[in-house]
Amino acid sequence: MRPPNASTRFLDYFHETLKELEKNVPKSKGIVSQSIKDVLQELCSDNLVSMDKIGTSNYTAKNASSENTSLTKQVADLNKLLESSIATFDSLQADGYQDTLERQELVDEFLKLTNGVKEREEALHTARKSGSAALDEKRKYIALAKVQVESYTDGTISALSKLAEVCDAGESALRQQFDISEDYEDVIE
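So the sequence shown is residues 1 to 189, counted in the working numbering.
Simulated from the structure, these hints should not be mistaken for laboratory data. Every residue gets a Cβ at the ideal spot worked out from N, C-alpha and C, and that includes glycine. Among the hints, erroneous ones may be present.
[Claimed, not checked] Pairwise CB distance ranges, derived in the manner of DEER restraints: (1) Ser132 - Phe89: 49 to 55 Å; (2) Ser84 - Lys37: 36 to 42 Å; (3) Val117 - Glu137: 52 to 58 Å; (4) Gln41 - Asp99: 52 to 58 Å; (5) Leu113 - Ser35: 49 to 55 Å; (6) Lys37 - Lys80: 44 to 50 Å; (7) Glu83 - Phe110: 31 to 37 Å.
[Stated by the list, open to error] In the BS3-like style, the derived pairs of lysine-lysine whose C-alpha atoms are separated by at most 27 Å in a straight line are: (8) Lys140 - Lys129; (9) Lys129 - Lys118; (10) Lys146 - Lys129.
Can you build the whole structure from these sequences, using the hints too?
As structure tokens, this is what we get:
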């Protein structure tokens, strides 16, 4: 069990009294002064340091034997974990886990299917990107066509008005003759 970073920095100063630590550690090690007592208490509870009260002062010291004991305990815990992992592996081997030809074929098929899915996802992504570009291009052409239609409509109405003026005929009579409805200008809106 490794102490936190603040605890590691704190261990360097345990030859001083607690009051000196409370003054020096915030400046030299960058630990927030409000958390010094909490960190010290944590180190004491983890048996990384020992604290003795002599008179009105609290003295702390780095306890090498307790640190050694802690490291020995960590090694023992890791050895137990290693042994249990080896036992689990051995039990899996004993239960019939074998790398058979059938298993390899299934793994190969799984990998092929996974690659196929990835390829299709990439193709779908590409299609979506190109579909978006094509849609944007169609929208651009639609907007251009709308502008053209508006221009032709305006030209037709202007020509109709001019013709009515020149021929001294009514615009409604000309609309009837050329089969132009009354709502002709409103068709594109």
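Hints, one by one, checked against the model:
1. Ser132 - Phe89: 49 to 55 Å: Cβ of Ser132 to Cβ of Phe89: about 51 Å, so the range 49 to 55 Å holds.
2. Ser84 - Lys37: 36 to 42 Å: holds (39 Å)
3. Val117 - Glu137: 52 to 58 Å: Because 30 Å falls outside the window, the suggested range is violated.
4. Gln41 - Asp99: 52 to 58 Å: At roughly 53 Å between Cβ atoms, Asp99 and Gln41 fall inside 52 to 58 Å, so the hint holds.
5. Leu113 - Ser35: 49 to 55 Å: Because 54 Å falls inside the window, the suggested range holds.
6. Lys37 - Lys80: 44 to 50 Å: Because 35 Å falls outside the window, the suggested range is violated.
7. Glu83 - Phe110: 31 to 37 Å: Hint holds: Cβ distance 33 Å, inside 31 to 37 Å.
8. Lys140 - Lys129: holds (17 Å)
9. Lys129 - Lys118: Cα-Cα ~16 Å, so holds.
10. Lys146 - Lys129: With Cα atoms ~26 Å apart, Lys146 and Lys129 stay inside 27 Å; holds.
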